[in-house]
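Since chain W is already given, all that's left is putting chain C on it; use the hints.
Chains W and C supply the protein sequences, listed in that same order.
Position 236 of the first sequence, counting from 1, maps to 236 under my numbering, and the rest follow consecutively.
Position 245 of the second sequence, counting from 1, maps to 245 under my numbering, and the rest follow consecutively.
Treat the hints loosely; a few may be bogus.
Which copy is meant is left open, so a pair is good if it fits within one copy or across any two.
[Unchecked claim] Capping the alpha-carbon separation at 25 Å, the derived lysine-lysine pairs in DSS-like fashion look like this: (1) Lys7 with Lys211; (2) Lys277 with Lys9; (3) Lys88 with Lys207; (4) Lys234 with Lys7; (5) Lys268 with Lys234; (6) Lys173 with Lys7; (7) Lys51 with Lys7; (8) Lys9 with Lys211; (9) Lys211 with Lys277; (10) Lys277 with Lys7; (11) Lys80 with Lys211; (12) Lys51 with Lys9; (13) Lys202 with Lys154; (14) Lys206 with Lys154; (15) Lys136 with Lys26.
No wet-lab data here; the hints were simulated from the structure.
There are 2 protein chains.
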Amino acid sequence: MFMNAIKAKAYAPSHITGFFEICESKSAERTGSRGCGFTLQAGTVTEVMVKDGGDTSIQLNGVLARAPTTEFVVRGLAAKHSVEVRSKIDVPIGCGFGASGAGALSTALALNEALSLNLTYERAAKVAHIAEVENKTGLGDVIAQSTGGMIIRKEPGAPGVGIVERIPVGDVKIDYVVFGEIVTRDVLEDADVRREINKAGKDALKKLLCKPTFNEFIRLSRKFAIETGLLSSKAADVIEAVESAGGMASMAMLGDVVFAIDGYEALKEFGDVKTSKICHQGAQLL
Amino acid sequence: MFMNAIKAKAYAPSHITGFFEICESKSAERTGSRGCGFTLQAGTVTEVMVKDGGDTSIQLNGVLARAPTTEFVVRGLAAKHSVEVRSKIDVPIGCGFGASGAGALSTALALNEALSLNLTYERAAKVAHIAEVENKTGLGDVIAQSTGGMIIRKEPGAPGVGIVERIPVGDVKIDYVVFGEIVTRDVLEDADVRREINKAGKDALKKLLCKPTFNEFIRLSRKFAIETGLLSSKAADVIEAVESAGGMASMAMLGDVVFAIDGYEALKEFGDVKTSKICHQGAQLL
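Only chain W is shown next, with the shape it has when bound in the complex (with noise of 0.2 Å):
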């Protein structure tokens, strides 16, 4: 039945903020967040079959999904086809590592392939970034996965626009414990949550930027999640289990999930600890 279909694949990396600030703009392009994070090995991969007929359809790890940012990938650059996106999404989605980023960014690359839309890597994950800031489920998370490794987002914006820098890092293992979803849109959409997290985020940049290593993002997200109030109580709890242990730890905004390094045997007192490197490439066709 779908013999004729045209397919492509790409990889994207999960990413986890530290801490970030709100930059709005009334270019979608120009949106985004100042902060810093990482990009992960665990990711998102996906598979677009642009096909004669029938429905577009979204599948998230095998199950049709309503996947609104995705969705709004295909319609920027698939309108006039009918598309089957498939992605195996190796993180949990809603928790902080940039799920709905990856997979769109990740969608965004497949179908300029498959179509041969000629776009550069930036256009197409530019696409990706509109998407996400028009849906309200990220802001900083697609320029970083278009980066790879320690990212600091210096200037808000899609990639090609936003301005990154990076710190320095080498194969560094990140493990971490998932406690639950934190609804990303509810807190950009909080006016006073919002302030908090645009005082603290832009302390924390100019901060970093002072002292650009690994250990002072661990140790300034860590106090960003505490002057926004958005440390959950468990999280804190993990973080100083951690540092008691002598290893270094903070938590995903915004997710309820601790990271750390040299922390496996304190978090794996409180759940099931994973464990993935930091991925030092941006996402790639396959």
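What follows is chain C alone, placed relative to chain W:
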């Protein structure tokens, strides 16, 4: 004897440019090239040892050597220290693989780590770019080697200064045969050659931006090599043979080297064929 040596290690990919335009500025960080090329996994691994005393020395593949570009980086970042630099280079030197840039960039990242200089990735990489410009060993390699993938250099300059866009590519295997060196400095200093390069390079970039694909890149690179007179007669024969056999090929700028996709069988009639995959990440600490 070196018990107290502080060590750090970094990797940088190679970079082959297909076409370019020389862009000069009074500022070394704004000097560079526009053009397009790709990074290869075959690259350079550099270990630095900061010692308590003794002379600064540089070894390339186990042999003491004068490596002015890397020396410049050591003077810039570690002037007050005694440093032993050991680079293992997986590609031929002086043949258009950006080995001087890879050596300088990996040295800069390793020194930043060993001496806890707390520079961002871009700031450390900028020192390597300036070293290339001042020593006339390269113009666009360091920004490409800091990015990874297939990189269009839209605006010249150091990492964090120049502007790049990428052509989306998957896991592409590149075959190549090395016939000999071309001295970059000699080419860059000949006014007539420069004029031809800039005319052909500007034209190629304009066309590539209209259709940023891998095949178009190779086609425009070949055209550039012919128009500038840089194409060696040997390389011309080899490229023709690859294309007759259904592959695509062009010449590395600047080296008497032919690179090809789907060209292994044709290439092996002409010499020792090496193969490396496109590297999707920039240089990193190890």
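Hints versus structure:
Within a single copy, Lys7 and Lys211 get their C-alpha atoms only as close as 45 Å, which misses the 25 Å cut-off; across copies the closest is 21 Å, which meets it. In this assembly of identical chains, Lys277 and Lys9 lie within 25 Å of each other by CA distance both inside one copy and across copies; the values are 22 Å within and 18 Å between. Neither within a single protomer nor between protomers do Lys88 and Lys207 lie at most 25 Å apart by alpha-carbon distance, with minima of 37 Å and 37 Å respectively. For a Cα distance limit of 25 Å, the shortest separation of Lys234 from Lys7 qualifies neither inside one copy, at 44 Å, nor across copies, at 39 Å.
Within a single copy, Lys268 and Lys234 get their C-alpha atoms as close as 14 Å, which meets the 25 Å cut-off; across copies the closest is 62 Å, which misses it. With identical chains, the CA atoms of Lys173 and Lys7 are at most 25 Å apart between copies only, with a shortest distance of 20 Å across copies and 33 Å within one. Taking identical chains as interchangeable, the C-alpha atoms of Lys51 and Lys7 lie at most 25 Å apart only when both belong to the same chain, with a minimum of 9 Å there against 55 Å between chains. Only between protomers do Lys9 and Lys211 lie at most 25 Å apart by alpha-carbon distance; the minimum there is 21 Å, versus 38 Å within a single protomer.
For the homomeric pair Lys211 and Lys277, the shortest alpha-carbon distance inside one copy (23 Å) is at most 25 Å, but the shortest distance between copies (35 Å) is not. Within a single copy, Lys277 and Lys7 get their C-alpha atoms only as close as 29 Å, which misses the 25 Å cut-off; across copies the closest is 22 Å, which meets it. Taking the shortest alpha-carbon separations for Lys80 and Lys211, only the inter-copy value of 21 Å comes in at or below 25 Å, while the best intra-copy value is 49 Å. Taking the shortest Cα distances, Lys51 and Lys9 sit within 25 Å of each other inside one copy (15 Å), while across copies they are farther apart (48 Å).
Taking the shortest Cα distances, Lys202 and Lys154 sit within 25 Å of each other inside one copy (10 Å), while across copies they are farther apart (31 Å). For the homomeric pair Lys206 and Lys154, the shortest alpha-carbon distance inside one copy (10 Å) is at most 25 Å, but the shortest distance between copies (30 Å) is not. In the homo-oligomer, the alpha carbons of Lys136 and Lys26 lie at most 25 Å apart inside one protomer (14 Å), although the nearest pairing across protomers, at 44 Å, exceeds that limit.
Hints 3 and 4 from the list above are not met by this structure, while the remaining hints are.
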